[in-house]
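Take a look at the letters that make up each chain.
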Amino acid sequence: MNVFASQALLAVAMAAMTAGIGVHAADEPTVEPGAEVTATPAPPPAKPINVKTMFAMNCSWCHDGYGLHAGKGPKLAGTQMTAAQVYLRIAKGKSGMMPGFEKTLSKDQIDAFVAYIKGLKDPDS
Amino acid sequence: MKRWSTRLTGAALALSATAMIGISMQAGAVEWDRLRNADKDPNNWLMYHGSFNGHHYSDLSQINAQNVKNLQVAWIHTPGASKRGVQSFPLAVDGVLYYASASGQVWALDGASGEMVWKYQAKLDQDRSEGTFYNPYTRGLAVGYGNVYIGTTDGRMIALDMKSGKVVWDKTILTVEGGNKGFTGAPVVVKGMVVIGSNGGELSGCCGPIFAVDAKTGEVRWQFDTIGGDERSKASWGNDSWKTGGGGGWMTGNYDESTNSIWWGTANPAPDYDWGGDKWKTTGARPGDNLYSSSVVVLNADTGELKSWFQEMPHDAWDFDSAVGEFMKIERNGTQYMVHPNKGGIIFVYNADPANAPLKVENAYMVGKTFNYVKGVDPKTGQLMGRRELPEGKHTNVCPAIDGNISWNAGSYNPNTGLLYKVVQEWCFDIEVVKADAPPAFSGQTYFGASWTSTHPEGRKAFGHVSARDPLSGKIKWEKEYKYPPLASLLSTKGNVLFVPGADGIIEALDTRTGASLWRHNDGIGHHGGIITYTAKGKQFVAVATGWGSHVSGNYCPLFGEPFCSMPTDNGQLLVFALP
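Listed in order, the protein sequences are those of chains A and B. Take 23 as the starting number for the first sequence in the working numbering and just add one per residue. Take -19 as the starting number for the second sequence in the working numbering and just add one per residue.
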């Protein structure tokens, strides 16, 4: 994948934030995570990143409701972390709490998570 | 004590330290004869489930319903940082306590005073050890043939000299290529072998194996693949999906000498949650029954060959696997039964004769109160009735949540009262099931297909209960509700005491006959580990593991708030109680 994808996702996230799409429903992520984000034009053909599926596959064991609610891990919506910190946390994990994903997720996939998480509106605020 | 080991005595004499000599001189070898008769040896706690009866019961009665109110802390051991708490069961052998804390630490302590005898720290492959979510906890040890055995989260089995803590052998059993699984459950020693099951129900690697390694050398004697190991299993996974099917046997099973059989419960299939819904026989991520996931398997102890099985959750759609829970052997009116609970809150009563294949179900009953994932279980056949499938899409108020009505904490059967004591937890979740992409076969990557939020049962707050029942009929004698479901194992004794280590840090002693509360003590942090009793220098002690941070305990902050939101998850101790 490539930077276009994460940029595109970020754009979707920002648009959603400003438009307030779905923010009223506490159980709905701000960014519709099912939205497949493909870069156009996409230089190398790659599988589109679907954050929702990726979240369900990798994070949901610990982070509830696509990151909108506290579960075994904290609520991700409204995180105080910067994008760079979020990237690092996903890549490296935290000993005894969260596995690192740098071996199983690509940089683009982690970027997509960062954009998604930073784009989540805190349902409790 | 049965036997004196010359090696032990010699080494003990060489020691200059004070208290250590007394301990070492007492330590007898734990040979097979001692292990198979562990139920007749209440002074010691020789294996995870106490004895091959699997009762988590002790014949000791110095501490009893009359005097338990005087119980007080005798000593405390603090292992230092123990990520996700201390989840393990201590073992007690001839006055020495052995226990494991997180990240491969093993401690040997004087059972009467808590003084350290030795400590061992396994050097773990950190990447591997913390790369999956089953880390870095360990749930216990086994002893036998002069060694203490531990399985590690990076897939090794290690034997330590019981007396010195020195490594006798250290073998890699599970590799990254082999599915990236590891060991979190306690091993059990059976006839010169150490038997252990792997974790990894949610990892896309076959074959969820259960191993027997030689107790003296660590060489693998046999391996049983819980999935994909035989044609019957393969045929029950459409599209060869067993290759990404998870499996495992993450908790400690049992051995039944009367039939020379290993009884083991197996983990859920991967992916956890299958979008196929009620068409699961033909479609979805893993079409078919998915044998032998979420099953009980009965193996020839010498060869690991499958003698019999029963799949408690055909095509497990809820992660209600059978790996949790004890195998309690109970005899009544000349018939031998094996009683086994699973995460779905069903207690299966099997005929213990594995000549029946699949196993003969003598009874099955539900112990949850708020469940709605099935309508019930057929007591005659053990088949689920009225399944609630979870196809792709949103589902609200599914009960219980992924954590189950029953977790991996063991119950207790008391032969004096004839009652089975068991904790049940009651909460639910809203879940959305998605079509997950299958990771590469055998890759060991996480294979999950859902996102969820824990919720309270309809009309009331999440809660727990401890019940006392006839284990065979399920008939309730008494029941006590808990605001916070206990997550630790139970212990009952001949002194008519039932110990319930609570989630909020309170350990409570109940009267086994009535459930009346006899004693409470605040241990300062939640419990979700083991509890045993033993004697040292002629005195009865009760040892309990404390510490919080297991996956199931992670629900308590969102469900209940404090004290759980402020409870540390990298801590824990071993607390030991005695009468003054």
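Careful: at least some of the hints might be erroneous.
Said to hold, decoys possible - Facing chain A, a subset of chain B residues (Cβ under 8 Å, in silico): (1) Arg64; (2) Pro548; (3) Asp550.
Unchecked claim - From the derived model, a few chain B residues whose C-beta atoms are all more than 12 Å from chain A: (4) Asn44; (5) Thr152; (6) Val200; (7) Ala215; (8) Lys415.
None of these hints come from the bench; they were simulated from the model. Each residue gets a CB set at the ideal place from its N, CA and C atoms; glycine is no exception.
Hint check:
For the restraint placing B/Arg64 at the interface with chain A, the shortest Cβ-Cβ distance is roughly 6 Å, inside the 8 Å limit, so the hint holds. Among the interface hints, the one on B/Pro548 is violated; its C-beta lies about 11 Å from the nearest C-beta in chain A, farther than the 8 Å criterion. A distance limit of 8 Å between C-beta atoms decides the matter here; for B/Asp550 the minimum to chain A is near 6 Å, and the interface restraint holds. Residue placement check: B/Asn44 keeps its beta carbon more than 12 Å from all beta carbons of chain A (closest about 39 Å).
The non-interface label for B/Thr152 is consistent with chain A: the shortest C-beta to C-beta separation is roughly 19 Å, beyond 12 Å. With 12 Å as the threshold on Cβ separation, the claim that B/Val200 sits away from chain A holds: the shortest Cβ distance comes to roughly 27 Å. For B/Ala215, the requirement that its beta carbon stay farther than 12 Å from each beta carbon of chain A is met, with the minimum near 27 Å. Here B/Lys415 does not stay apart from chain A, with its beta-carbon only about 7 Å from theirs, under the 12 Å limit.
Checked against the numbered hints given earlier, the structure breaks hints 2, 8 and satisfies all the rest.
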